[in-house]
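Each chain, written out:
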Amino acid sequence: MTMPREIAFFDALIPSLVLAFLAAGGITLMLDRMLGNRGIYRYLWYPALFRVALFACLFSAFGLTVY
Amino acid sequence: MNRVQVLAFARMGWRDWLELDVPAYIYVFKVLLACLLAMWFSLRFELQQPRTAMMTVAIVMQSQHSGMVFAKSYYRLIGTLAGIGVSLLLVALFAQERVLFLLSMTIWIGLCTAGSMVYRNHQSYAFVLAGYTLCIVGLPAAASPEHAFDIAVGRISEIFIGLFCATVVSDLIFAKRLGNVMLDAVRRRFRDFTMLLHAASDGVSSSHEPMLLNFVGDIFSLESYRASSALENDGSRARRLRLGQLNAEFMEVSTTFHAFEQLLRRQEKTGRKEVKDGLRILYRDLGEVVAPDGEVAHTEREAAAVAARLALFRTSLGSGFSAVDARLPPDITASQRMDFETGKELLLRLVDELLAYTRTYTSLANRQGEGGAAQVSFNLGRHFDPLAVSLAGVRGALALAITASIWMLTEWGSGIEAITLGVVTSTLFATAFSPTKAIRQFFTGAVIAMALAYYCNFHVLPDAQGFFMLALAISPGIICAAWLATRPETAVTGAGMFMVFLMRLGFGSTYDANPVAFLNDAIADLLAILLSGIMYALIDLSGSGWSRQRTSSALRKLVVDACREPLALRRANLESGARDLVQRSGSARRMGEPEDRLVIDWLFSVLEIGHAVIALRKELNVHGACAPLEHALEAIARYFEAPAGPARDTAIVAVNAAGAAVDASAIAPASRREMRTMLHFIRSALQDDESARIATGGME
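Chains A and S, in that order, are what the protein sequence lines are.
Final position of the first sequence in the working numbering is 67; the numbers increase by one with none missing.
Final position of the second sequence in the working numbering is 1700; the numbers increase by one with none missing.
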């Protein structure tokens, strides 16, 4: 299944990638909070890198459904 | 000098360089990298104004800690979205009618400036941005309403790119984690406080007030770190709550410490020698317990040992007091006996609070028991002067109104530039301790930036080919500005340089610099900064005697509330309120001036008497009404409303009467003693020469 490349938002065409970006950002934040509260980050060498990588994975995954 | 010494010197120099200079170089490098990255993205996406993205990077990365950058980005986003929403609304409503448009814009700017005064730190900044965005989006959009939506989308995209680059770079490359910074701050504070306590108990330190004032600043910076660390999210929520608790407990223990010191000082002057010596002995013991032989605890583990010793000391304190009590001479008067009882009560309280503070501090170290202590949310609250806030709003609105009228009346070509910078400067520094000084520094930065930007635009950029050359051409300006921003003395100069340099860079998606337009805009910028400087000088909210009197009376109002308001019994409210007011007024930084000295005196007097009043009212709540006591509270409230000699005498008489009434009443002995000692403490504080001096405004 592929999503349309642009979505009409109140008659303004916005790229679906923007939505994917926002969704990935939101999910990353949620996961981040969950992991942080569980203390998982103490076992990671570089939490910041992990976080960026997590976001990149999610965003790419969503992006793949568009293209 | 032999070889060993040379090597030792070299090593010391190397360590200094690593600790002091290297972080600055890293910061400059990070800012440059983030700026260039933002520029590359903006050019790649063919956005109109890469400079907006770069400016966002520069603004957001003003702090070196990645958690702060996150927090600032978050609030920048909120502020920008609010600003853009209002811009579109205003364009939709008044695009044809420029007077109405500018009028509603003025109101919005006024509201934003007022908002930025009410909130602290990044939240305050969000308000500044909500106002500033109206200038960079609303004004161009009103000039060509058919493109309003495109302009708004363009600016949002650029700002978003800027935020993205800034946060990623600051978090990934040599990140300075807020968690560590906070831990350092907490450790340093514990160390400093115990050292202060040890020195004071030895009777060595002459004045502890400067140190306590430093702590006030620390409390608020820790609070801002704590709030920002929510976004960094390495530690858990429980840990953040505990830091808040630590802050609240620290305020209480430092107030009690000050109160006890004041009591000892009064004993030195007027009290009986045996009472003073007895209290001194126990106090010195406490100093030794906290820091044996002046060795203070550096880590949480060492602090745990301090806590254990303190707990032991607390249990042995009762017999210590009895021993001192037995040595008191038989001919001691009732009032001197009360002096001793009061000192005992305060010392007990100091030990209890210190123990609680130390325990919370040590609990930060063990990560397993994080669910442990009762978690109450501690909020510092916001304490401000409504009149000052509204005046600041008027000032921001006036700055806009003046530039806008000049723009309309003279058909000024660079009017939009002038308005933008005028609004930025007149809102940005509203919360600064000394806005006029900040404006002067900003102006210097702007002038340097003009010169650099001129050279860059007309001598370097025309020859630059491709992205690499472009990056090389603009790097010197960015590096200079970022380097200036690393040093506290020149931070504002750096900010001004950043802002003006990037605003005046002569390229959008293509090269578009024009010397005539450049010079016109440059003149407009400088005029706008000058205008806000004049506005700050005209409506001066921080340095004038008037504002300091307002601060003093707001401080006194806290005690009045503590006496009268039924709900104001929370001590945290008094503690954080008083400190917040002083912190905002900036008086702690200008101790040299007599008016500021007065504000500080009131701070300590308010904390001292306020905490006694609250303790008193707690007991009163338990035991029901007692007419003479309430009369005394009312008298104290009246004295703090309008401090003068006669009101003070009335208050002292009323407190004495209340003391006698408590003695005669049938209240349980333990709480009767507590009430009695607090009354005695208030009385001796009121009788003090020091308080006589501040009541008359420092004239005596």
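The set of hints was computed from the structure by calculation and includes no laboratory data.
What you are looking at is a predicted structure, and each value in this text was computed from that prediction instead of being measured.
Cβ coordinates follow ideal geometry from the N, Cα and C atoms, glycine included.
There could be a bad hint or two in this list.
Pair ranges (Cβ atoms, derived) [claimed, not checked]:
no. : chain 1 : residue 1 : chain 2 : residue 2 : range
1   : A       : 56        : S       : 1045      : 14 to 20 Å
2   : S       : 1468      : A       : 18        : 27 to 33 Å
3   : A       : 64        : S       : 1013      : 33 to 39 Å
4   : A       : 37        : S       : 1025      : 33 to 39 Å
5   : S       : 1209      : A       : 27        : 50 to 56 Å
6   : S       : 1025      : A       : 67        : 24 to 30 Å
7   : A       : 49        : S       : 1621      : 51 to 57 Å
Going down the list of hints, with the structure as the test:
{"no.": "1", "hint": "56/A x 1045/S: 14 to 20 Å", "verdict": "holds (18 Å)"}
{"no.": "2", "hint": "1468/S x 18/A: 27 to 33 Å", "verdict": "holds (30 Å)"}
{"no.": "3", "hint": "64/A x 1013/S: 33 to 39 Å", "verdict": "violated (54 Å)"}
{"no.": "4", "hint": "37/A x 1025/S: 33 to 39 Å", "verdict": "holds (36 Å)"}
{"no.": "5", "hint": "1209/S x 27/A: 50 to 56 Å", "verdict": "holds (52 Å)"}
{"no.": "6", "hint": "1025/S x 67/A: 24 to 30 Å", "verdict": "violated (41 Å)"}
{"no.": "7", "hint": "49/A x 1621/S: 51 to 57 Å", "verdict": "holds (55 Å)"}
Violated hints for the displayed structure, listed by number in ascending order: 3 and 6.
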